[in-house]
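Q: As a plain string of letters, each chain reads:
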Amino acid sequence: MAQRTPLFDAHLAANGKIVDFAGWEMPINYGSQIKEHEAVRGDAGMFDVSHMTAVDVRGERATEFFQKLIGNDVAKLGFEGKALYSGMLNEAGGVIDDLIVYKTSWGYRVVVNAGTTDKDLAWMAPIAASFHVELTPRRDLAMIAVQGPNAIAKAQAARPDAAELIAGLQVFQGLPMGDWFFARTGYTGEDGLEISMPAAEAIPFWNALIAAGVAPAGLGARDTLRLEAGMNLYGNEMDDNTSPLAAGMGWTIAWEPASRDFVGRSVVEKEKAARAAGGALLKQVGLVYEGKGVLRGHMKVVAESGEGEITSGTFSPSLQVSIAMARVPLAVKVGDTVQVDVRGTLQPARVVKMPFVRNGKKVYE
Amino acid sequence: MSTHIPSDLKYVASHEWLRVEADGSVTVGITDHAQSLLGDVVFVEVPKVGAQLAADEQAGVVESVKSASDVYAPIAGEILAVNESLADATESVNTDPYGAGWFFKIKPANPADLDGLMDAAAYGKEIGA
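Which chain is which? The protein sequence lines are A and B, in order.
For the first sequence, position 2 (counting from the first letter as 1) is numbered 2 according to our numbering, and the numbering increases by one without interruption.
For the second sequence, position 79 (counting from the first letter as 1) is numbered 79 according to our numbering, and the numbering increases by one without interruption.
No wet-lab data here; the hints were simulated from the structure.
Heads up, some of the hints might be wrong.
[Stated by the list, open to error] Result set (SDA-like, lysine to any residue): computed pairs, CA atoms no more than 20 Å apart in a straight line: (1) B:107 x B:58; (2) A:300 x B:68; (3) A:292 x B:67.
[Unchecked claim] A few chain B positions that, by computed beta-carbon distances, are all more than 12 Å from chain A: (4) 49; (5) 53; (6) 112; (7) 116; (8) 120; (9) 126.
Computed from a predicted structure; not experimentally measured.
Idealized CB from N, CA, C, for every residue including glycine.
Excised from the complex, chain A in its bound form:
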């Protein structure tokens, strides 16, 4: 039985086209995915992300817990509210999920993906027990992402009593206000907020955001925006069998201190050495394609040094060309041309450094 978020009725009211996403009935668009994409790049749009799960973490040894659990190091979080992005790895060095951890007054809050929530909680439970840490999944909360160059101002207009708190947030910082939590994070490459709140308050806030001129945007626009921003999608760019180093997540691993024994460390450390030695491994790059058709996930990529695969591809509404994220042989370099099997014929695509778009502008060469 598909689950519904507290905003389901608001999606119907906004003519949302509902599809099944990871067991949730979610809006794919509200008419035009491209217009919603443009609203986020040029003004302000909002996404229901209530299907994602916030988990509060409490306990004297919560820091040690995270230092074991994830590849990045929460010791980097220097002040209350500061957040970091990380992979949570298994013993084989595969990615169980990607997540954001916030340092909070009570310990930490971690936000995980919808489709992986049950798996994540099952994985975390024994590790939490060994550090005597308490995990509280906050299924009582709804979450709305407000994104775009005017997102902060419009969110402040919709919630004037929180305007000061919002104004004080640094990028990648989140702070609570009562049962609400305002975080300056997102998945679009634009400035904006991810705001969680008690489920019963979600629809009034959604309507206040509409009144402030924020456009509802669906999962379709969310995908083209994150792809332009060069951000990974769990299940496409990485999964339980994919190394973070093959998924462009090397930067999320805190190798120092060398004594920190996070799960999967020994495996990814060996792989890192093999990469430095030029082993037959894959890495993540961006592709730009100006020919006929559109790059899609699972298309084969052929380079001089071997084969790879597109992990996500789409038509970029901001750039008006097709873009993709791909895993290709290590020897492939930015500026190279590779061949992509586009519906049966090999077509040339250019290798670029991601992201493709940041703050409304093209950023690759």
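Based on the hints, put chain B in the right spot on chain A.
A: Just chain B now, with coordinates in the frame of chain A:
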């Protein structure tokens, strides 16, 4: 959301519509239901003028932001004309699927092939409209 199914057209299960013109040629496009499932169309490939296609043979591709779909010849025949404007104005497939968003005109190899196709009521039933 309601879908538009004009009563003067014929339909096939792969979501193409057919309009029999006064000169006996047949104009083909994709239905309102099909464009709605695809979402914003960003690329269309049409067949070559003069191509001889069998019924159900691939006649082109329509790609939206979301996915790619083949377009099929609903009946056998020769391609008489294609909608060149779809090279730039792909959005007309979404905004005017039965008008400016047409794909190609085909000369039926056997006009009797049209008789077996669905009418609006049958197509409406087919898609659960």
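Q: Beyond 12 Å from every Cβ of chain A: is that where the Cβ of residue 120 of chain B lies?
A: holds, 23 Å
Q: Is it the case that residue 53 of chain B keeps its Cβ farther than 12 Å from each residue Cβ in chain A?
A: Correct as stated: the minimum Cβ-Cβ distance to chain A is 18 Å, above 12 Å.
Q: For the pair we were handed, residue 300 of chain A and residue 68 of chain B, check the Cα-Cα distance against 20 Å.
A: With a Cα-Cα distance of about 16 Å, the restraint between residue 300 of chain A and residue 68 of chain B holds, given a limit of 20 Å.
Q: Run the C-beta distances from residue 49 of chain B to all of chain A and say if the shortest one exceeds 12 Å.
A: Holds, because the least Cβ-Cβ distance between residue 49 of chain B and chain A comes to about 18 Å, which exceeds 12 Å.
Q: Just want to verify: residue 116 of chain B was marked as not at the interface with chain A; is every Cβ pair farther apart than 12 Å?
A: holds, 30 Å
Q: Take a quick look at residue 112 of chain B and tell me if its Cβ sits farther than 12 Å from every Cβ on chain A, holds or violated.
A: holds, 33 Å
Q: Check whether the Cα positions of residue 292 of chain A and residue 67 of chain B lie no farther apart than 20 Å.
A: Satisfied, since the Cα-Cα distance of roughly 14 Å is no more than 20 Å.
Q: In terms of Cβ atoms, is chain A entirely out of 12 Å range of residue 126 of chain B?
A: holds, 20 Å
Q: So if I understand the rule, the pair passes when the alpha-carbon distance is 20 Å or less; does residue 107 of chain B with residue 58 of chain B pass?
A: Holds: residue 107 of chain B and residue 58 of chain B sit about 16 Å apart, inside 20 Å.
When held up to the earlier numbered hints, the structure conflicts with none and fits them all.
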